[in-house]
Structure formats: C-alpha cells, structure tokens
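**Student:** With the hints as extra help, turn the sequences into a complete structure.
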Amino acid sequence: MTTQEPALEQYRKKLGKLEALTDKPTHYCQGCEHGELTRLIANAIENLDIRERTVMIDSVGCSVLAFEYFNIDHIQSPHGRAPAIGTGLKRVRPDLIVYTVQGDGDAMAIGLLEVMYAAIRGQPLSVFLVNNAIYGMTGGQMAPTTIEGQVTTTTPYGRDIEFTGAPVDASKLVSAIDGSAYVKRVSLAISEIETAKGKTYSIKNILEAKQAIENAFKVQMMGGFSFVECLSSCWVNWKLPTMEAKRFVNERLIKQYPLGTYKDKFGIEKK
Amino acid sequence: MTERVYMKGNEALAYGALKAKLNAYFAYPITPSTEIPETLAKEFGSEEYPDFKVFLQAASELEAINMVLGAAAGGVRAMTATSSPGFSLKQEALSYAAGMELPLLVVNINRGGPGLGNIAPEQSDYFQMTKGGGHGSYRLIVLAPNSVQEMASLPKLAFDLAFKYRNPVCIAGDAFTGQLKEDLIFPRIEAAEYDVSSWAVTGAKGRERHVINSMNLDPEVHAKHVAHLDEKYKTIQRDEVRYESYLADDAETIIAAFGITSRICKSVVNKLRRQGSKIGLFRPITLWPFPHEEVRKLTEHAKRFLVVELNTGQMVEDVRLGVEGRARVEFYGKLGGLLPTEGEIEDKLRTIEKEEIAA
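Protein sequence lines correspond, in order, to chains A and B. Numbered by my numbering, the letters in the first sequence go through residues -7 to 263 in order. Numbered by my numbering, the letters in the second sequence go through residues 15 to 373 in order.
Source of the hints: derived by calculation from the structure; they are not laboratory data. Don't be surprised by glycine CBs; every beta carbon is placed ideally from N, CA and C. Errors might be hidden in some of the hints.
Every beta carbon over 12 Å from chain A, so not counted as near; a handful from chain B, in silico [what the hints assert, rightly or not]: (1) T53; (2) Y63; (3) S151; (4) Y208; (5) P233; (6) V240; (7) R252; (8) R310; (9) R334; (10) E360; (11) E369.
Within a straight-line C-alpha distance of at most 25 Å, the following computed SDA-like cross-link-like pairs (lysine to any residue) qualify [claimed, not checked]: (12) K178(B) to E196(B); (13) K202(A) to E186(A); (14) K292(B) to G347(B); (15) K56(B) to T45(B); (16) K67(B) to G8(A); (17) K263(A) to M213(A); (18) K67(B) to M214(A); (19) K231(A) to E38(A); (20) K56(B) to P86(A); (21) K16(A) to D232(B); (22) K362(B) to Y260(B); (23) K56(B) to Y109(A); (24) K164(A) to S74(B); (25) K16(A) to R221(B); (26) K219(B) to G8(A); (27) K247(A) to M235(A); (28) K219(B) to E11(A); (29) K67(B) to K178(B); (30) K16(A) to W213(B); (31) K247(A) to L104(A); (32) K67(B) to Y109(A); (33) K56(B) to I112(A); (34) K219(B) to E38(A); (35) K210(A) to K219(B); (36) K202(A) to G259(A); (37) K219(B) to L40(A).
Have a look at the derived ranges for each label pair, beta carbon to beta carbon [what the hints assert, rightly or not]: (38) L231(B) to V143(A): 21 to 31 Å; (39) C21(A) to K248(B): 37 to 47 Å; (40) R244(A) to D244(B): 42 to 52 Å.
**Tutor:** What follows is the structure in structure tokens.
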C-alpha cells in the first residue's frame, strides 16, 4: 500500500482535481474501464458546468457504488429500474440533468422494459451502458451481450446461441425506437499501436467516448433521450490478462458490436 | 368547498389526494382500482389543482412505483394506486423506499387472491401490507378507510405521515370501499407544507450533496441504519395509532374488524345492544401501527373477541398479540368477494356463547 500511495497521488495530480468527483478512490478493478468512464462523465459535467443540477441514478452492478465517487446528488435504484426512477425525478424536476450508468445485465436483461420505455417516451435522460459482455459484480455469468462461444460461469462450455438466443445488440435496439434521439457505441478500451519508436498505446477510443458522453448530456438538455453504449473489458471474469482483455474488446467485441453513431436526431455531432 | 357529493370511493380518494396537493401520479391500470388514475387523468391540467403537475401512465406496475420513488426523492407528493396482484409487484420498490426513507403513497384496492383470484373484494393482503411485504426489516404505515368519506380524507393524513416520518404509506382499501358509491362531504383540507430541504434531490447547489441510498456494505454502518429505522418505527407505534372504538368501553364481547367489514359489524353491535348485550366494536384505522395496547386495555372487561375479516384469518393474529391470552379470540371470515351477513355474525356469536356455557 505505502509504495502505491505516492504513485496514486502523482497520477491524481497529473489528472487534476475535478469538483464533480469526490476524493474517494474507486473500487473498480485495475484495468477496468469503469474508472475511465467515471472520469469522462465527471469531465463532461465540468465542461458543461452542470454539476449543481445533475443527478445520478445508481443502478445495480459494478456501478452500484458510484455515489461514493460523483460529487453530486444521487438516488439508488433497484436492479434494472434506474431509467424509471430517473423518469420520475425528471418529470417532477425537469430542470435537473439526470443520468445513469447501467451494466449490460441491468439494462438489457432485468431492466430492458425500463430502458425501452424511457426511449419510447423520448424521456430527456442519459443512459451510459457498460457492455462488457458479462455479469461483472456477481462473478462472471452470461449476460444478454455475451458473444457466441464465450465462456462464462453459466455457459462453462461456451454460449450456445441455439438455445440461449443470439447476443443482444443494445445500440441497434434503442436506435430502432422512434423516441430515442442520440445513440452511439464507443469503446473505452485503449489499444496497442506500433510506432517507429516501438509499441505504444492509442487513446483515440477514449477521446471519441469523451465526445459522445458530452453529446449525450447536450442532447438531454435539448430535450432528447440519449444512450451511449461503452464497450469495456472485464479481465477478472474473462480470466485474461488486462491488455489481452482490452485487445479482446477491440478485436472481437467490436466485430459483434460495431462502433459508431446509430442515431443523431438533433445532428449534435455536426454542431 | 364543503358541498355534499355522491361518488365512488376510488373517485373520492383521487379528489382527496388532489385536495392534499398531490404533485405527481404514476399510473398502471388494474381492476378494481382504475377509477383512481381515470379520475386524476380527467382533472390533470385543471386550474383547480395547480399543484398537480405530473400524470404519467407507466408500462408496468414496476415502472410506475419506481417512478414514484424518483419523484418522491425529488421531494414532492407522489403516489400510485394498484390492486392485489399489482401490489405484489410493488414490494421490491417499497422495500427500497423504506430503506431510502422516501415519503410516498401507494393505494391498494384489495381484490381476491392468491394468484389472479378475482376482482371482488377481499382483505387478504393484510399480512403483505402490515408486515413489510418486501425484503428486509421495514414497515409501511397502513391506513384502512371504511367509507367513501374516509377514502377522501385519508390521503391528506397519508402524506402528512409520509413526510413527517419519511416512510412510505399505504392506504388499504378493498373492492367495496373503492367501488361503493356513497355521499360524502369533502372536508376542508388545509394541505401542509413539508420541509424537504435537508434531503431532497434537487441538485447540489450551494449545499452538500444529497445521497438517497439504502446500501451500506459495512455491517456496522448498515446495522446502525436499520436500527435507526427501527427507532422510527417504535416512535410511530407510540404516537400514530388510530382506531375507532364503538360502544366498547364496558363491552364483554368485542367484534374487531377493519375496512368495509366493520360497517356490517357495527350494525350487529347496534342490534345486539338494543337487545341488552354488552357488545362493542373495535376498528383499527392504522393497521400498522396496530393498536395492540388498546386491544390489551379492552381485555380489562372484554371476555371474548370475534374478529371478522374477508380472508382466512390475518388481523386476528394481531388481535391475539394484543389479547395475549387474557380473553378468548375467535375468527369469522368470508372469501372470494362474499360478505358476511349480520345474521351469520350473530350465529357465530351464539355458537361461541353456547360453547362457553357447555364448557
């Protein structure tokens, strides 16, 4: 611990203090993209200067402890119900900006109806979906987004889509609903690149995600429902080394779930 | 406005909520409660109720109650209504609401169960309403109207108690109190103002952030939170018991009943009193907190209790807890939407009497 603290301090200094974040270190596993997402959302909140009117609905899953990290008002939600709680709050306090971070199990299995109906109503609300193709918090069970053949604790011989059905494409699903305004799929996993000086890492994906998250808040402020699906790794439950897990995101998951803008009703990306 | 009107219990409840400055209603239709959202939908936007700002029909019972949670977290008067199968679906969110200390109102117009049962009146959700129907150690405050008049007056009390204690409140109606048409006089309701500034989620502007949460991973912290809830429940049990005691002060026989059943029992009491019986009626209005202590006091003179309910015996357990063996407790129940007649209740009393003489 003692050897880590100075490094952590250094890292924090380099990143700079954000008012939208508390001082609490996150519980996320090292290498998990939840950390990046937390930082990117906090960045967007500060850039748009909306901290004092933004509320997070904390879903169930690895994002359940988010109230420890975002220095804003929070409401806890039962598993899958975050968009319903957000809708209730937003209807009575329309000046607030309301978002939730949901996992693939939370949003695409137990809470599918709640996400779909928030979109159907065109409810001004932002949903950030972490798609890591697995139930993370409960220890690696099959998620709606688990890809064909993927080994999980409930598909120990690989997902057989003959009887589980095919993986759920969240962005396609949400963008197909008339009421949704902005649907974008990004990857939060950094990728390795070869340069003349040797191997290094590209943060292109993260910069794209950063823009998408800001756009999502802007679309909500324009009165639309926004949905950003963030492909992420879960090396612990995938049982892969960290960088191999990130490679799996950018090579395998991306094939199943292509990145891009699935819907941009207000043309926010052109503004 | 104190004019005499004639309407259904469900409609009266809707107007009672509006007069208590209801802000947000989240609807999902289910018989026999649906006149509540229908009445509110009709009044939505009316200048008479400027506080009524949100009416939204949800896609499921779960969505509706979770919307209520979100609105309640925003510090406004929010409610929904449902009927038994729907009330089962509300339990998860009600457990969260109790854990998060959210003030809200849920109305349950009790119909026949278990399962799909039927749409006729029963009082068979008593356990689910009063014992904490979801997971964890919690209670709802449960108010049981027995007339259209009370359907109109209880929403105001429900909101007052919900905001005073930051706890969900349930109005326990049934298909009779909901569907029955009676005349009533709308009470002059002076809706209270509630101070929500210390907890409501309104954006952390110029103050510390508000976190509405029911989760504490640290056992010590969670134990403290549940103990705090329990303290609150003890205060409610001490201060908020409400009941009607009718000709019970010297009674040797007490009929105990709540809701619509108490009306029939009252007629029995009136008739038998005229015949010289020392009989009275005890009607809990708060099913939780249950008036256990008041029941105990009745045992100072009452030798026997007959509990009449539209189920197979639920409130009778609470009566026994109050009696604690000091008097005889008997039960008479009707099911499936059938009501006990006065004659049946009298027969039951005569049987009890005969058994006592034989013993």
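**Student:** With a cut-off of 25 Å on the C-alpha distance, tell me whether K247(A) and M235(A) pass.
**Tutor:** Holds - the C-alpha atoms of M235(A) and K247(A) are around 18 Å apart, at most 25 Å.
**Student:** Check whether the Cα positions of K231(A) and E38(A) lie no farther apart than 25 Å.
**Tutor:** At roughly 36 Å apart (the allowed maximum being 25 Å), E38(A) and K231(A) break the hint.
**Student:** Within a Cα-Cα threshold of 25 Å, do K16(A) and W213(B) meet the stated pairing?
**Tutor:** Holds, at roughly 22 Å.
**Student:** Assess, step by step, whether the Cα of K56(B) is no farther than 25 Å from the Cα of Y109(A), and give holds or violated.
**Tutor:** Distance of about 23 Å is within 25 Å: holds.
**Student:** Has the given pair, K219(B) with L40(A), been kept, meaning a C-alpha gap of at most 25 Å?
**Tutor:** Holds, at roughly 15 Å.
**Student:** Checking one constraint from the list: CA of K67(B) to CA of G8(A), max 25 Å. Satisfied?
**Tutor:** Violated, because 42 Å separates the two Cα atoms, which is more than 25 Å.
**Student:** A range of 21 to 31 Å was offered for this pair. Does it hold for the Cβ distance of L231(B) and V143(A)?
**Tutor:** 29 Å, holds
**Student:** Taking the closest pair, is the beta carbon of E360(B) still more than 12 Å from chain A?
**Tutor:** 48 Å, holds
**Student:** Just to be careful, I want the Cα atoms of K178(B) and E196(B) compared with a cutoff of 25 Å; is the pair within it?
**Tutor:** 31 Å, violated
**Student:** Would you assess whether R252(B), listed as outside the interface, keeps its beta-carbon beyond 12 Å of every beta-carbon in chain A?
**Tutor:** 29 Å, holds
**Student:** Does the claim that V240(B) lies off the interface hold, with its Cβ farther than 12 Å from every Cβ of chain A?
**Tutor:** 15 Å, holds
**Student:** Would the least Cβ to Cβ distance between R310(B) and chain A come out above 12 Å?
**Tutor:** Since the minimum Cβ distance to chain A is about 39 Å, R310(B) lies beyond 12 Å and the statement holds.
Against the hints set out earlier in the document, violations occur for numbers 12, 16 and 19.
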